[in-house]
Amino acid sequence: MDKDLVAVIGFTAMFVLMALRVPIGIAMAIPGVIGYGLLSGFGPALNLLGQVPMSVVTDYNFSVIPMFVLMGALASTSGMSKELFGAGNAWFGHLRGGLSMAAIAACGGFAAINGSSVATAATMSKVALPEMRKAGYDGGHAAGVIAAGGTLGIMIPPSVIFVLYGIMTETDISRLFFAGVLPGLLGMAMYAVVIYFLGRKYPEMMPRGQVHSSGERWASLRGLWAVFLLFIFVLGGMYTGVFTTTEAAGMGAVGALIIGIARRQLTGPLIMQALVDSLRVTASIMLIVIGAFLFGYFLTITQFTQKAVAFLTTLPIGAYGVLALILFGYFILGAIMDELAMILLTVPIVFPVMMKLGFDPVWFGVIIVMAVTLGMICPPVGINVFVINSIARDISLQRIYRGVMPFIASDLVRLVVLCAFPAISLVLPNAMDTPFAQIIKSILGF
Amino acid sequence: MDRLIASVERIAGAALLAIALLTFASVTLRYLFSAQIPDWFDLSKLLQGIAIFWGIACVCYRNEHILVDLVWEKSNEANRRRIDLIATTVVFIFLTVMAYMLAAKTFQVLQSTQATSDLRLPVGPFHLMAWLGTVAAAVLSLLRLIHLWRDTHPQSTSGQSNG
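Line by line, the protein sequences are chains A and B. Reading the first sequence from the start, the letters are residues 1 to 446 in my numbering. Reading the second sequence from the start, the letters are residues 1001 to 1163 in my numbering.
Do not rely on the hints blindly, as some may be mistaken.
What the hints assert, rightly or not - Simulated crosslink set (SDA-like; lysine to any residue; CA at most 20 angstroms straight-line):
no.	chain 1	residue 1	chain 2	residue 2
1	B	Lys1074	A	Leu397
2	B	Lys1045	B	Ser1026
3	B	Lys1074	A	Pro380
4	B	Lys1105	A	Ser55
5	B	Lys1105	A	Leu46
6	B	Lys1074	A	Arg393
7	B	Lys1045	B	Leu1121
8	B	Lys1105	A	Gly41
9	B	Lys1045	A	Gly50
10	B	Lys1074	A	Ser390
11	B	Lys1074	A	Ser396
12	A	Lys356	A	Leu327
13	B	Lys1045	B	Leu1119
14	A	Lys356	A	Gln303
15	B	Lys1045	A	Tyr60
16	B	Lys1105	A	Pro380
17	A	Lys201	A	Pro406
18	B	Lys1045	B	Leu1132
19	A	Lys201	A	Asn47
20	B	Lys1074	A	Glu170
21	A	Lys134	A	Pro380
22	B	Lys1045	A	Gly41
23	B	Lys1074	A	Ala19
24	B	Lys1105	A	Val56
25	B	Lys1045	A	Glu247
26	B	Lys1045	A	Ser390
27	B	Lys1045	A	Thr244
Please keep in mind that the hints were generated in silico from the structure rather than gathered at the bench.
Chain B with its partners taken away, still in its complex shape:
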């Protein structure tokens, strides 16, 4: 599983690099040749959506969310486990509902004729890829919950602590 997540992170990270390169190429072409890359703007924001949702999925698995540790830090081991279980359950429920609600919107876009401005590429597949990231986030938070319940999660429970 760790290797799969690492691969997902690398692909989503590469999407960030693609956005940077698209922006760089677009600005450079604009000033040097008064030209522009077709759809650079639409592609950048769609890639950004995919990268962020898949990034959230990976963050869920690694529990690297930004969170407040004030109570957790002062709790004993048993209470820490309880807090982690409650928090992960809340995260799982929220992400599941979010993925379900986003599904309706995503399938609407898939069935529509929405397309990018220049190349008229259908937007639906990009939305689908991004939505799959939210599904992965829900599934991975469930996986984390199961591991926590069995007390076998390989990842740290420290998160990006803020307290």
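Next comes chain A alone, as it looks inside the complex:
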């Protein structure tokens, strides 16, 4: 059978299965196995099915995913998300839109100890949304703020998307993590600016809250030591080379556990709940990884990737034209597809193109995460919007989408800024090689 035809049928079958509500991992795996069978025989295809799932789930590199998910779950269960929002409220709550800014700050802080946007959005929906609505904030705006703030979860390290990108492209994950710090902070600053202007234009949407005394403000920071300690412990350990990224994830999970127990905020049942939640999230993600691997083998045998690379790199539109084309493709895909699946499916195809065009792999990782970020809040399929809607049923999807629109515009501007100034992404990872970093490492004895 013609390889191109089989590749087209494979992609079509995958989208049809997804539309039929077949779990995304299985929707990728089935066309992968059948397509492979059509091109090289069903014996080898079934052998693939007998080997790939086991090799994926026992690949130690992927332990980063359950461990960072567990770290986030333990941190959330031990009340760190509430403390973050409480501190933001104490410092900014009296400003117009202050609770929205507090929610963004809390999302950014929680993102620093958690690798998932969905988890960040879900957690903050439970913590910040009720407070914002109680204070008289417009529900659509409040939900939009949290949907946008939730996306910081995958930009600010640790990040599950960076982990997957790093594993697939063999890019240093710790460099990717550091590359996400400044774009994440830039995102927070830009969201705050958006809130400020929204507050001036629609003051009725976000009334001023009560003023907290300076004593209350400083007291609100007391509980944040745990978040900072965990963040510094994990990122510092990676930065200084004390432990690898995979080890950092396990260290972070145990760190969150120890902190939670030491503060008497984690009991046996709460720990068990965090473990079960992490297991469910991990299993769902890993099923997608298995499907992506099976589909990837199929794509390899069709030589689709090589053809796509040859096609895209010979387009007469220049390197940035190709980048724009790829990003446009991500926006389209993001509207119909899960972000994890999108990354796993497309990165093996677009990464070689970007490398051939001379782009930096770490910088491109940040750009990919930005594209995914937009997919998470853009209609018609923005997973963060759906997650918040599932928690706050009385705020309709339309209202949340209306609330998140200004932040989508802000993210588009941020994407352009990050494309125009790669240094924003690269300055921190490049600093890992500077004499200063070497001095820190030698002081610490590593």
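The hints should help you fit chain B onto chain A, whose structure is shown.
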């Protein structure tokens, strides 16, 4: 059944905690005492395999997969049921074939002399435990299919929606 699944989830969740503790202990011992836990690496990845396959089984029962709800959300009740039946049938067939194909590989490992690096523990039993997770996933998806067919499934059909 719910209680059984909850117990399985707790055991598999505990395996995740064991991986975290093994990693923590290994790194700490390496820097403090220049020592290492024998087989921590092999045990971690084998425990990870067991936890994930059993986790997938539980996710199948609870229908907490990551999936696209775009068409389902816009369908009426009758069509939603049809979509759920088709999707669950596809899931059941796929998982059954996967479990069958993994069986051959698992029994190969069981009969082989493959062992962990330090303690020379046989790897086969770990693979068997993980493989049983895939069998459980297939059985539980069949159970879900039967419940859906009879319209008696106790769990939500919403999944981890993405649309």
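Hint by hint, here is what the structure shows:
| no. | hint | result |
| --- | --- | --- |
| 1 | B:Lys1074 - A:Leu397 | 13 angstroms, holds |
| 2 | B:Lys1045 - B:Ser1026 | 14 angstroms, holds |
| 3 | B:Lys1074 - A:Pro380 | 12 angstroms, holds |
| 4 | B:Lys1105 - A:Ser55 | 11 angstroms, holds |
| 5 | B:Lys1105 - A:Leu46 | 11 angstroms, holds |
| 6 | B:Lys1074 - A:Arg393 | 17 angstroms, holds |
| 7 | B:Lys1045 - B:Leu1121 | 14 angstroms, holds |
| 8 | B:Lys1105 - A:Gly41 | 19 angstroms, holds |
| 9 | B:Lys1045 - A:Gly50 | 18 angstroms, holds |
| 10 | B:Lys1074 - A:Ser390 | 16 angstroms, holds |
| 11 | B:Lys1074 - A:Ser396 | 15 angstroms, holds |
| 12 | A:Lys356 - A:Leu327 | 17 angstroms, holds |
| 13 | B:Lys1045 - B:Leu1119 | 15 angstroms, holds |
| 14 | A:Lys356 - A:Gln303 | 17 angstroms, holds |
| 15 | B:Lys1045 - A:Tyr60 | 5 angstroms, holds |
| 16 | B:Lys1105 - A:Pro380 | 42 angstroms, violated |
| 17 | A:Lys201 - A:Pro406 | 12 angstroms, holds |
| 18 | B:Lys1045 - B:Leu1132 | 17 angstroms, holds |
| 19 | A:Lys201 - A:Asn47 | 62 angstroms, violated |
| 20 | B:Lys1074 - A:Glu170 | 40 angstroms, violated |
| 21 | A:Lys134 - A:Pro380 | 29 angstroms, violated |
| 22 | B:Lys1045 - A:Gly41 | 31 angstroms, violated |
| 23 | B:Lys1074 - A:Ala19 | 11 angstroms, holds |
| 24 | B:Lys1105 - A:Val56 | 14 angstroms, holds |
| 25 | B:Lys1045 - A:Glu247 | 13 angstroms, holds |
| 26 | B:Lys1045 - A:Ser390 | 35 angstroms, violated |
| 27 | B:Lys1045 - A:Thr244 | 16 angstroms, holds |
Of the numbered hints listed earlier, those contradicted by the structure are 16, 19, 20, 21, 22, 26.
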